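J.: Residue-level listing of the chains:
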Amino acid sequence: DGGITQSPKYLFRKEGQNVTLSCEQNLNHDAMYWYRQDPGQGLRLIYYSQIVNDFQKGDIAEGYSVSREKKESFPLTVTSAQKNPTAFYLCASSAGESSYNEQFFGPGTRLTVL
Amino acid sequence: GQQLNQSPQSMFIQEGEDVSMNCTSSSIFNTWLWYKQDPGEGPVLLIALYKAGELTSNGRLTAQFGITRKDSFLNISASIPSDVGIYFCAGRSSGTYKYIFGTGTRLKVLA
Chain A
1 DGGITQSPKY LFRKEGQNVT LSCEQNLNHD AMYWYRQDPG QGLRLIYYSQ
51 IVNDFQKGDI AEGYSVSREK KESFPLTVTS AQKNPTAFYL CASSAGESSY
101 NEQFFGPGTR LTVL
Chain B
1 GQQLNQSPQS MFIQEGEDVS MNCTSSSIFN TWLWYKQDPG EGPVLLIALY
51 KAGELTSNGR LTAQFGITRK DSFLNISASI PSDVGIYFCA GRSSGTYKYI
101 FGTGTRLKVL A
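Protein chains in written order, with our numbering: chain A, 1 to 114; chain B, 1 to 111.
Bound-form chain A, shown alone (with noise of 0.2 angstroms):
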């Protein structure tokens, strides 16, 4: 069954901690992305990877570290310099530069800072 994963659904954690979102994909895709959604708004680019060992900011970089050792994995750390963390955070795909590129989600982790 292909796609991508995200675990876990709901994730809480204690301010000043760092915190990793998991996400793996099937699809034999080269490019992954992470992008973060706030109540009511739309989809802002957080970091993104077009094959493995190398990736690049997004929008909204500042507080997110990733990794890139596999191409099935890309994991996203919150880490504690993140000054609003608590948000709806998806993980996609995509087969790369090629002339026709679907990007599909996985279902999102929704991580609550207390």
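Just so you know, these hints were derived from the structure itself, not from any lab.
Remember, predicted model here, so these are calculated numbers, not experimental data.
Honestly, I wouldn't trust all of these hints.
With beta-carbon atoms standing in for the labels, derived distance ranges [stated by the list, open to error]: (1) S94(B) to K14(A): 42 to 50 angstroms; (2) A61(A) to A52(B): 31 to 39 angstroms; (3) K14(A) to A111(B): 37 to 45 angstroms.
To be clear about the criterion: a stretch of chain A counts as covered by chain B if any three or more of its residues have a C-beta under 8 angstroms from a C-beta of chain B, and this derived list gives those stretches [as the list claims (entries may be wrong)]: (4) 42–50; (5) 102–111.
Backbone N, C-alpha and C define an ideal beta-carbon position, used for all residues, glycine too.
Starting from the structure of chain A, add chain B where the hints point.
T.: This is chain B only, laid out in the frame that chain A set:
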């Protein structure tokens, strides 16, 4: 970061009515995508468009890639209550992996 202009922002319609929404960009795109998002879920891809002027359908949904390559339209025919949700457009230019998203259209269907 850049966001696409998507309109309307929200709309209430009666069940059975047709719905139209659109996205406009200041940049030329070579890909347009349309998504639907339900509360607390990830966006689901509805339609993908790759050529200027292309018209593509998915059931009651029809989307078009604008001739200027700077806009796209989504139509929903004979709306039903389960069409409720937020619809997003997304565009991508040639030579980049980044997608630019619209601000969303929140659709509410009155039975």
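J.: Each hint needs a verdict: does it hold in this structure or not?
T.: Checked hints:
1. S94(B) to K14(A): 42 to 50 angstroms: holds (45 angstroms)
2. A61(A) to A52(B): 31 to 39 angstroms: With Cβ atoms ~33 angstroms apart, the hint holds.
3. K14(A) to A111(B): 37 to 45 angstroms: holds (44 angstroms)
4. 42–50: holds (count 6)
5. 102–111: holds (count 8)
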